[in-house]
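Protein chains: 2
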Amino acid sequence: MSKKDSLTKEQLRAVDAWWRAANYLSAGQLYLLDNPLLRQPLQPEHLKQHIVGHWGTCPGQNFIYTHLNRAIVKYDLDMIYLCGPGHGGNAVVAQDYLDGSYSEIYPNISQDVAGMKRLFRQFSFPGGIPCHTAPETPGSINEGGELGYSLAHAFGAVMDNPGLIAACVVGDGEAETGPLAAAWHSNKFLNPITDGAVLPILHLNGFKVSNPTIFARISHEELEMFFKGCGWEPRFVEGDEPQSMHQKMAAALDWAVREIQRIQEYARSSGDAARPRWPMIVLRTPKGWTGPKEVDGKIVEGSWRAHQAPIPVHDGRPGRLEQLEAWLRSYHPEELFDENGALIPSLQDFAPRGERRMGANPHANGGLLLRDLRIPDFREYAQEVPRPGAVETEDMAVLGGYVRDLMSRNLAGRNFRIFGPDETASNRLEQVFQASGRRWADEIDPETDSCLSHDGRVMDAALSEHLCQGWLEGYLLTGRHGFFNSYEAFIRIVDSMVSQHAKWLKVCRQLPWRQSIASLNYVLASNVWQQDHNGFTHQDPGFLDHVANKKADVVRLYLPPDANCLLSCFDHCIQSRNQINVMIASKLPRPQWLNMEEAIKHCTHGIGIWQWASNDQGHEPDAVLACCGDTPTLETLAAVTILRHHLPDLKIRVVNVVDLMKLQPHTEHPHGLTDEDYDALFTTDAPIIFAFHGYPTLVHELTYRRHNKKLHVRGYKEEGTITTPFDMRVRNDIDRFHLVMDTVKRLPQLGNSAAYLIQEMKDKLVEHRQYITTHGQDMPEVRDWKWNGGKGIY
Amino acid sequence: MSKKDSLTKEQLRAVDAWWRAANYLSAGQLYLLDNPLLRQPLQPEHLKQHIVGHWGTCPGQNFIYTHLNRAIVKYDLDMIYLCGPGHGGNAVVAQDYLDGSYSEIYPNISQDVAGMKRLFRQFSFPGGIPCHTAPETPGSINEGGELGYSLAHAFGAVMDNPGLIAACVVGDGEAETGPLAAAWHSNKFLNPITDGAVLPILHLNGFKVSNPTIFARISHEELEMFFKGCGWEPRFVEGDEPQSMHQKMAAALDWAVREIQRIQEYARSSGDAARPRWPMIVLRTPKGWTGPKEVDGKIVEGSWRAHQAPIPVHDGRPGRLEQLEAWLRSYHPEELFDENGALIPSLQDFAPRGERRMGANPHANGGLLLRDLRIPDFREYAQEVPRPGAVETEDMAVLGGYVRDLMSRNLAGRNFRIFGPDETASNRLEQVFQASGRRWADEIDPETDSCLSHDGRVMDAALSEHLCQGWLEGYLLTGRHGFFNSYEAFIRIVDSMVSQHAKWLKVCRQLPWRQSIASLNYVLASNVWQQDHNGFTHQDPGFLDHVANKKADVVRLYLPPDANCLLSCFDHCIQSRNQINVMIASKLPRPQWLNMEEAIKHCTHGIGIWQWASNDQGHEPDAVLACCGDTPTLETLAAVTILRHHLPDLKIRVVNVVDLMKLQPHTEHPHGLTDEDYDALFTTDAPIIFAFHGYPTLVHELTYRRHNKKLHVRGYKEEGTITTPFDMRVRNDIDRFHLVMDTVKRLPQLGNSAAYLIQEMKDKLVEHRQYITTHGQDMPEVRDWKWNGGKGIY
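Protein sequence lines, in the order shown, are assigned to chains Y and U. Each number in the numbering used here comes from the position in the first sequence (counting from 1) with 251 added on. Each number in the numbering used here comes from the position in the second sequence (counting from 1) with 251 added on.
Chain Y on its own, in the form it takes in the complex:
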């Protein structure tokens, strides 16, 4: 031991032994059904028939995890572990098993020979556990599989957790993804006083599935400049000789922890929250380190061939079993586990204790730490609506008042944030800045900057939906609250992240030890129907379709038609748990329909007949005009006015849908209506003209089992450009004139009156076209149209 070594001989022995134990367990999970400690010579019947899983990333991750354990004990750290590489679930599970956190949650996987056998068997085995870190993995808040989100999750986790360090292993494959590349800059949004620290460990094992990685092949100089350019101070740990690598890694980790402590102590004692240069580690080790060097004369350790199972034991070639046995025995399990199969006592002492174990850290089972929000009474923000349509307002601006006070009330609790890609003001939530600013850790220029603050709780100053989504997920998964405020069209950028979070929630609901977390809430404004400053590219209502395909227990879709309904929906969503709630909202001045009492009732039912707009009281309706979304509601009510003016004897029922999943059968979705209730609203045979916010097919998809087949849906059909608000509706046939035509065409009893009205509507459409191309805005009769109790016309 040289003077400069970080580890004493004894520490070195312990670190290496723990690492060997973890590597042994990682390989064992891949290969073994039985004979877990190799107390008999290895036989074919001890092997799994299908070797499913990955080895390449495991030894490196075990190396990191082991050293983190040492640092946790040495510095008494509150630390969680994020496993970025797609695979390596067997490594993290091995670590959890070694420190006992696994058996505490899954007692059947006990710390003895029988338990180890079950540990091995269950891995990537029917009825067992996935090969990635997953919800099933204690200590995990980041799922392997789809890559790129670990670093954003880590940042979300440490926000408002000043005592927490998130150690985030970034795989060099993952590092090539866009979301991960963006996430290095998350350090521009971290406050060293009020937030914790992220310790990124870029793991250069050199290869992906079958290609080398970019970061492993660029020069040391480029690598170092890249991370310095991203605002990090990297330290390099490179090599393949275990003993010296242990010393280097220990030294690097000691440095990193002391740097974090130095940064935090300085900021917290001085009050200077200026962005520091946070430490990070670049670890370069061979892929499949300590595994078979060669198989069939081809390099395995240190190559892409180590990615999955390095020895193809079932390919029928001679010597496979022997090579596997030799490899497994190279870890000397007999030195590491006692007679009963438990870790030897001296090694048990190596692990952190209790909740300091990363597999048992409560931050990684965030529901344990979840505290309710302090919620203002949303009724106090009610928009006054003396009668339907009497006033106009911006729904999102009304919500802004509520959100401002929600923010205020939870400032002290430090468990609520808002996330969005620079769209808070554009989406009319700017009142929130009265309560808290925008988070920004770099220089702030009082001359030009608006509402920036080193401790702001609105995370809207990074133009990346991926970052917002990843941060919010990390924040929620560690037991806090928030919502994502975005443009409707561009939320599609995170489609796949939402899918993965939905899958995570679905699995967590089946794991009793995973405590409920706050729902993932979306408020999506600047929606498809309101493209003033933008055009066709900003029009995509398909997020509704995307989310609707997810597991019914998890997803809810709300389309409040006015401000009071939006308040009611938001209040419900922000207090819900374990769900993904999507709210589609309106930000432009729009007529208001329901007073608060009516709105609460309407939103509680989720769907209902608007009697004040209907004239079928006491009769079966001739037609049902249904609407969902603010713009479809407006056009439907305008169409009703025209119809009632021209055809006063026609019995029209207006049904408004707030909670879209009401349309699905109750057997498919917990919110779904029974057939009886559905029929009571929609009848079984009156024509339904349904004006829908999104793609019409979604309504058909939700209602195909319903009795009433006379359903005609209008919605967005990918027609749009920069044009007037009303023209957007005309281009997609969802305007009042088309709705009138749709209705009367379905009522053969009308005879000539239908033909007359259809012609009048066609004339109106021609007039509209001429007007907008001349004046660049909608004709006054449309612009100034107001609901007048079904009277009046246009």
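Each hint should be verified, as a subset may be incorrect.
One copy or two, it doesn't matter: identical chains are merged, so the pair holds either way.
As the list claims (entries may be wrong) - Under the rule of at most 27 Å between Cα atoms (straight-line distance), these lysine-lysine pairs were calculated in the DSSO-like manner:
hint : residue 1 : residue 2
1    : Lys1013   : Lys802
2    : Lys479    : Lys439
3    : Lys960    : Lys802
4    : Lys968    : Lys757
5    : Lys996    : Lys802
6    : Lys996    : Lys1042
7    : Lys960    : Lys996
8    : Lys1015   : Lys996
9    : Lys802    : Lys479
10   : Lys255    : Lys439
11   : Lys852    : Lys1042
12   : Lys902    : Lys996
13   : Lys996    : Lys968
14   : Lys1037   : Lys996
15   : Lys544    : Lys996
These aren't lab readings, by the way, just hints derived from the structure by calculation.
We have chain Y already, so just place chain U on it with the hints.
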């Protein structure tokens, strides 16, 4: 003029005059309906009623474009322009108008006073043009709107275009997105001998919508290290004084062009394709440069307030009109345009000529350059299928042979590449490496690396779906061919990019001057039903739903049930134009059903009765068993076998769907069946048990208008984990046993035989569950099951 100046006085005057002209036209498009050259005092009636569009980015982009024009002329460059910032369509349109390329395409927008008036009027006006660069913009291959793809598009454009330079303006907002962050590393995949060059110009105007940008606020040192770390050599041009900025920009561009030429000359003369350090420019100018300095005492130029229209002319405050007029007149249009409203002759000379104008460069209207691929005869790769189900093979491996030869035949043409995130081998296309390697521009290690090559045409060595998609789009848009080979689940990562490309294609189809380009083709394997090495995270068939919502003219969805069908579909797609084709394929050994002749016929029809599997010949069927996708087809045929064994009198029809859009009415999709044809296949009242590859709702969505309402669809219902192949089907009720139960439950005439068979199927499911949890694999009767002409059972 100092000795070191790049521009002579005269050049400086020309550059500045052109820039002023472009800025004037950019502002004019925002504000003016009339009086385009301010020949009368500005009056309210000259203004647009709605000021819609953006100013902030325009002067900076005009500055860049103007200087690029100078460089094009000086060095006779073949250059295209990519406008990364979301907005600024008015700047690019202004440039196109100035150099005449706009009027050539749109003669109505003539280069005179009347044309200028129309130019101004049409911008962001109903019936006019979008406020971003868009398909309507000559010279554009990148749409503003959704941000982040410009740099990947630029790289795609220069691949195999060794004489081309793509000047790519990256906005500092856009630079914060994940896809853009990943794209800086595209330089690791560029060959200086056979590819062209990308010249990124990071435009730091400091602000997004209402926040500052990260790159504008980090230190110069960090900024420089970041780009050097990404492998670029940045040169900085910073300031706000036009005259000195012109000199700096000219010098920087001269340097960059000479660097590109030096790099290319060295590589091309020496044959050394090692990755060079390519030049790039960082341009820091005030947002809204040359616009109003202040409005109402608040800073506008150089702040986020310059983002949209800097002067709110319609807010009723006094002096607005005067301030606008003063600003517009500051560009001195009277010096720039002649009496007729044409650019003065001395300035006309400043522009490049003919196709050297960036608005007229044929690379930006790629269909002009598109050459057909040399296509092998796919019939020669036929899998022999002596009778249905007689052989097993990996469909993707069969395709691999065809793709290898497709690659070989087009090597000389250099107009075909394959794109994918390191999944070529995993998806079984590795035969292609016999024809061409994987592209890699960094060091190659012959000991460990597999198939890497500096000139490889398989772009699969970057683990980023965003990069693959962006590169491929850029490659296609400039008139070449390719396809994206990916895992089915993770293609969702680029959902939003696909939407934007679909929108682009939809608009291009309406522009006669935009020539057809090759289709965007997806081959998606490792699909939802085949998760051996992965689990729940890798299961998402929703890309089909996503694409199905796009404009019918543009999208096609294919689910070939076997290798010969896959060959036939692929051959069709790779030769098609202006479409988005999705092929869902199988990579694991699967029974083969159709010989090549049958496959061609089946794929040509897109849907058909499989007579060899049906026994309803000469009768109306009692039930229709429909299937779509390889796994549903397999299970359906197994179910048919069970049904025919137990209920030999039952008349069963098997319908297989390859072309999913056949299910939609022909009025909705060009491939849709007429009702008559649909009814002939599916009957109007026999129960249909439809086993579908994806989410069942998609089939309902496509068929809701059809007569036969007795449609029961099985598909993926978000149930999955690491388990056996058959168990995945069982978990989602799409296995043979469930399909048998589904069928007989719908046939009340069966009476007791149904009850008996249902019980037997339930017993089988219990047996299955027990077997897999004991053995870790599927029971032999399932594993070894073979189609035997409808005879045999299990």
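Now the hints, each set against the structure:
1. Lys1013 x Lys802: between (43 Å within a copy, 25 Å between copies)
2. Lys479 x Lys439: So Lys479 and Lys439 pass the 27 Å test inside a copy (13 Å) and across (20 Å) alike.
3. Lys960 x Lys802: both (26 Å within a copy, 25 Å between copies)
4. Lys968 x Lys757: For Lys968 and Lys757, the Cα distance is within 27 Å only across copies (12 Å; inside one copy 32 Å).
5. Lys996 x Lys802: Classified as between; 26 Å across copies, 38 Å inside a copy.
6. Lys996 x Lys1042: within (22 Å within a copy, 53 Å between copies)
7. Lys960 x Lys996: Both: 16 Å inside a chain and 23 Å across chains, each within 27 Å.
8. Lys1015 x Lys996: within (17 Å within a copy, 53 Å between copies)
9. Lys802 x Lys479: The answer is neither: 43 Å in one copy and 46 Å across copies each exceed 27 Å.
10. Lys255 x Lys439: Neither: 34 Å inside a chain and 39 Å across chains, both beyond 27 Å.
11. Lys852 x Lys1042: Classified as within; 25 Å inside a copy, 60 Å across copies.
12. Lys902 x Lys996: within (15 Å within a copy, 41 Å between copies)
13. Lys996 x Lys968: For Lys996 and Lys968, the Cα distance is within 27 Å only inside one copy (21 Å; across copies 38 Å).
14. Lys1037 x Lys996: Close inside one copy (25 Å), not across copies (54 Å); limit 27 Å.
15. Lys544 x Lys996: neither (76 Å within a copy, 58 Å between copies)
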